[in-house]
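S.K.: Sequence:
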Amino acid sequence: MFWLIVLFLFIFISPQSNAKQEKHCLHYMYTGLTKAGPFPEFIAEAESDDKQIVRYSNEKHAWERDNLTVDDWSKAPAEPPETREEFLKHLYDLSKCKYSAVCSEFHVLQRIVGCKVVKLPNGTVTNLKAFDEYAYDGIDLLTFHYNHPLPWMDKDIETKMDHQTGRNPFLMDFLNNCTKWISTFNNTYKSKF
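Just so you know, the sequence shown maps onto residues -19 to -1, 1 to 174 in mature numbering (1 follows the signal peptide of the UniProt record, and there is no 0).
No lab work stands behind these hints, which were simulated from the structure alone.
One should not assume that every hint holds.
The following label-pair restraints were derived from C-beta to C-beta distances [claimed, not checked]: (1) N103 <-> A43: 36 to 44 Å; (2) K79 <-> E40: 40 to 48 Å; (3) L101 <-> K70: 35 to 43 Å; (4) S38 <-> N103: 35 to 43 Å.
Below, simulated EDC-like cross-link-like pairs (lysine to aspartate or glutamate); rule was C-alpha separation at most 20 Å, straight line [said to hold, decoys possible]: (5) K77 <-> E22; (6) K97 <-> E114; (7) K161 <-> E28; (8) K100 <-> D30; (9) K161 <-> E3; (10) K41 <-> D30.
This one's a predicted model, so the numbers in the text were calculated from it and none came from an experiment.
Glycine is no exception: its CB is placed at the ideal position from the N, C-alpha and C atoms.
Let the sequences and hints guide you as you build the complete structure.
M.R.: Right, dumping it as structure tokens:
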């Protein structure tokens, strides 16, 4: 009985090895609406560890940085992994509405793309999880987790996006450099907040 109690204490009360691990995330989020009404047709932002770092200004049609120094911005991605126009074109292709025309039905396309890492106490970065996920009208459309893509819901859209080979190297570069940007933004927030 004594050994069972010792074993119990060792398993459940011993210090956890992951107590000093740091988890970090960097991602862009996009939302497009066919019938925006009082809301913008396109909404997008980037977050690092749940803090907004850039957002898309519909008034200026440009990305605006938040909480970053000029030096940090120069180390950040040159541009997000998808432009406003590309994203809205995907939305209108899915909805079968004409781009730049009034759509009679309400549809929503959402995307989140980025990475998550775990930094160990010795500084080693592990558990890189790159992801690129699309949802259409609340249903998962495409999920890409590093090397584990799920099938597309709509084969016509898959074919159209597969032909955009020019953006594929850019997306892979974005996902490969994601951990460097996490480090940049994480150091910024540690020193500022």
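S.K.: State for each hint whether it applies.
M.R.: Structure-based check of all given hints:
1. N103 <-> A43: 36 to 44 Å: 41 Å, holds
2. K79 <-> E40: 40 to 48 Å: 25 Å, violated
3. L101 <-> K70: 35 to 43 Å: Holds, since L101 and K70 (Cβ atoms, about 42 Å apart) stay within the stated range.
4. S38 <-> N103: 35 to 43 Å: 41 Å, holds
5. K77 <-> E22: 16 Å, holds
6. K97 <-> E114: 14 Å, holds
7. K161 <-> E28: Given pair K161, E28 holds - Cα atoms ~14 Å apart, limit 20 Å.
8. K100 <-> D30: 13 Å, holds
9. K161 <-> E3: 15 Å, holds
10. K41 <-> D30: 26 Å, violated
Figure legend: structure checked against the earlier numbered hints; hints not met, in rising order: 2 and 10.
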